[in-house]
Amino acid sequence: MTALRLVAGPLPPERFVRVLARLGPTSTKVGQFLALRPDLLPQEYCDALLALVDRGTPCAWPQIEQVLTRELGGPPGTVFARFERRPIGVGSLSQVHRATLQGGAEVAVKILRPGIEAQIERDIRRLRLGTRLVRQLGLRLPIAPGEAVDEIAAWLRQEIDLAREQENARRMADDSVASDLQVIPHVYPHLSTARILTYQYLDGRKLSTVFSDRSGIPSGTGGSMAMSAEDKRAFAGTLVTAVLTQIFRARFFHADLHPGNLLVMADGRVGFVDFGMCDRLDDTVRANQLRYVAAVYSRDQNRMFRALTEILVTRADSDAEGLRRDFQAETRAAANSDRVGRSATAGALVGVLRAARANRYEVPSHVLSLYRALVTVETVAARLGLDNALRDIGAEVLGEIQREELLAQALSRDTLQQILANLLTLARDGPGQLSQVLADAAEGSVRLKVEVTDSARTAKAQNRRARLWAAAILSVGLSILLTAPHLPIVLGMSLAWPLGGALAGLYLACFLLWRQL
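The letter at position 318 of the sequence shown is residue 318 when you use this note's numbering, and the numbering goes up by one with no holes.
Any given hint could be a false lead.
[Claimed, not checked] Once the Cα atoms are required to be at most 25 angstroms apart in a straight line, the calculated SDA-like pairs of lysine to any residue come out as:
no.	residue 1	residue 2
1	Lys232	Ala105
2	Lys206	Phe83
3	Lys232	Ser212
4	Lys206	Asp267
5	Lys232	Ser208
6	Lys206	Ala395
7	Lys232	Thr193
8	Lys206	Val183
9	Lys232	Asp47
10	Lys206	Arg299
11	Lys206	Gly104
12	Lys232	Glu396
13	Lys232	Glu121
14	Lys206	Asp174
15	Lys232	Phe83
16	Lys206	Arg233
17	Lys206	Ile196
18	Lys232	Arg195
19	Lys206	Val149
20	Lys232	Ile196
21	Lys206	Pro58
22	Lys206	Leu129
23	Lys206	Thr26
24	Lys232	Ser176
25	Lys206	Asp231
26	Lys232	Glu65
27	Lys206	Pro13
28	Lys206	Arg291
29	Lys206	Ala266
30	Lys232	His366
31	Lys232	Met265
32	Lys206	Glu404
33	Lys232	Glu14
34	Lys206	Leu407
Calculated from the structure, these hints are not laboratory results. Only a predicted model underlies this, so the values are computations on that prediction, with no experimental measurement involved.
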């Protein structure tokens, strides 16, 4: 009955969330997945789905004790100094217990539900059966129903791959040593298996609970303190900066930024948990993304489209003209949108995904993860009261990264070696060549090839006239460039300033050359 109501007509976002919550734990996980996919659902639905909390019924203690004993080689009472039987978090796939190690360290022990692998495969089969109904009804979706189920299936399987999650957490922790932005919990490998993952316990508060009520964040003494609007905006800024740093500096980032996976720490840093979904960027993809995002910030549609064509994967049935047409329409719509909290930057990213899907282009999975992370983090920041976070913070962070990379390139080993080689060549050959020139001059044997075609005065006048024409043409070109509504940003500064200075210099040159004629 619920499925029929869903396909009969669109439900309001809040009601859609309630329907998914009633359908059960797997539907809740699917809803959390859809919350991170603005290319599949309208943004208002994605925003509402961010509030969907994955709650499950705790497994009976004897079941959990049996798993712990089998996986760790002994009952929890002998492995841990203390183990709380009551879980501190229960989801549809796993539950988390707080414990204390023999050395006194506080840990969080994540345990997969018994039989969860078989349950996931059954749910995936049900989803595939549901795709038949979608096809029979002729519903138009942004992607093929089978493709959507494949993505959901891959996501659910990653969620229970604890070996992968352990490696992801280790790498992210290595990238975050002494960070003033984020906290990544340490993993205890000797207490982790294919079904159990033991983390350092982070004494923070889930961001999802901050959204659900007006209570505060943890204080250093374990109590709580009010989280003011200013505190929320500051935390949102830290979150956006941390995510951009993960993506464009570390090139390895958390790709499941649901509020339930984000912690507000007492010192204002962001605590990240649940590393089942992380992704990485190679050098080529990162360079392409930097070019594209820089073009988005400068609102240069031509540069954006050129960078986009380097990102997408062309298929035999891809429609290049349709992509350009839809891309232009989407970017114009994003620029003119009056959506509160959503910048044109995020709108352009979502528009790219929709235009690509509509014209049968493939979006590489790591690119999709990147866009999903950027759009989600701005949505979360907006709910914390920080509007247009990607536009404002992103321009600053990426400008700083570009400046650092230009400086590093200038001081790179290859560049310095080339400069040193040129200097050595000059030091070796220069004195001899200079001595030869001086000797030839002393002997009167220096020969200069000169062609005289007119008098010196006439030649000077022609030369000035040519320079005047060149300066005039250049000034017209610069004047046309300066009429562009959004000039590119280089090293954090708009090109309008250097172009304006150059134009003023050309005007002065034209005046002086004209006076000399």
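For each hint, the structure was consulted:
no., hint, in the structure
1, Lys232 x Ala105, "30 angstroms, violated"
2, Lys206 x Phe83, "22 angstroms, holds"
3, Lys232 x Ser212, "14 angstroms, holds"
4, Lys206 x Asp267, "14 angstroms, holds"
5, Lys232 x Ser208, "13 angstroms, holds"
6, Lys206 x Ala395, "28 angstroms, violated"
7, Lys232 x Thr193, "37 angstroms, violated"
8, Lys206 x Val183, "13 angstroms, holds"
9, Lys232 x Asp47, "18 angstroms, holds"
10, Lys206 x Arg299, "36 angstroms, violated"
11, Lys206 x Gly104, "24 angstroms, holds"
12, Lys232 x Glu396, "20 angstroms, holds"
13, Lys232 x Glu121, "40 angstroms, violated"
14, Lys206 x Asp174, "23 angstroms, holds"
15, Lys232 x Phe83, "34 angstroms, violated"
16, Lys206 x Arg233, "16 angstroms, holds"
17, Lys206 x Ile196, "21 angstroms, holds"
18, Lys232 x Arg195, "36 angstroms, violated"
19, Lys206 x Val149, "29 angstroms, violated"
20, Lys232 x Ile196, "34 angstroms, violated"
21, Lys206 x Pro58, "19 angstroms, holds"
22, Lys206 x Leu129, "35 angstroms, violated"
23, Lys206 x Thr26, "21 angstroms, holds"
24, Lys232 x Ser176, "22 angstroms, holds"
25, Lys206 x Asp231, "15 angstroms, holds"
26, Lys232 x Glu65, "40 angstroms, violated"
27, Lys206 x Pro13, "23 angstroms, holds"
28, Lys206 x Arg291, "34 angstroms, violated"
29, Lys206 x Ala266, "12 angstroms, holds"
30, Lys232 x His366, "30 angstroms, violated"
31, Lys232 x Met265, "12 angstroms, holds"
32, Lys206 x Glu404, "34 angstroms, violated"
33, Lys232 x Glu14, "24 angstroms, holds"
34, Lys206 x Leu407, "39 angstroms, violated"
Hints 1, 6, 7, 10, 13, 15, 18, 19, 20, 22, 26, 28, 30, 32, 34 from the list above are not met by this structure, while the remaining hints are.
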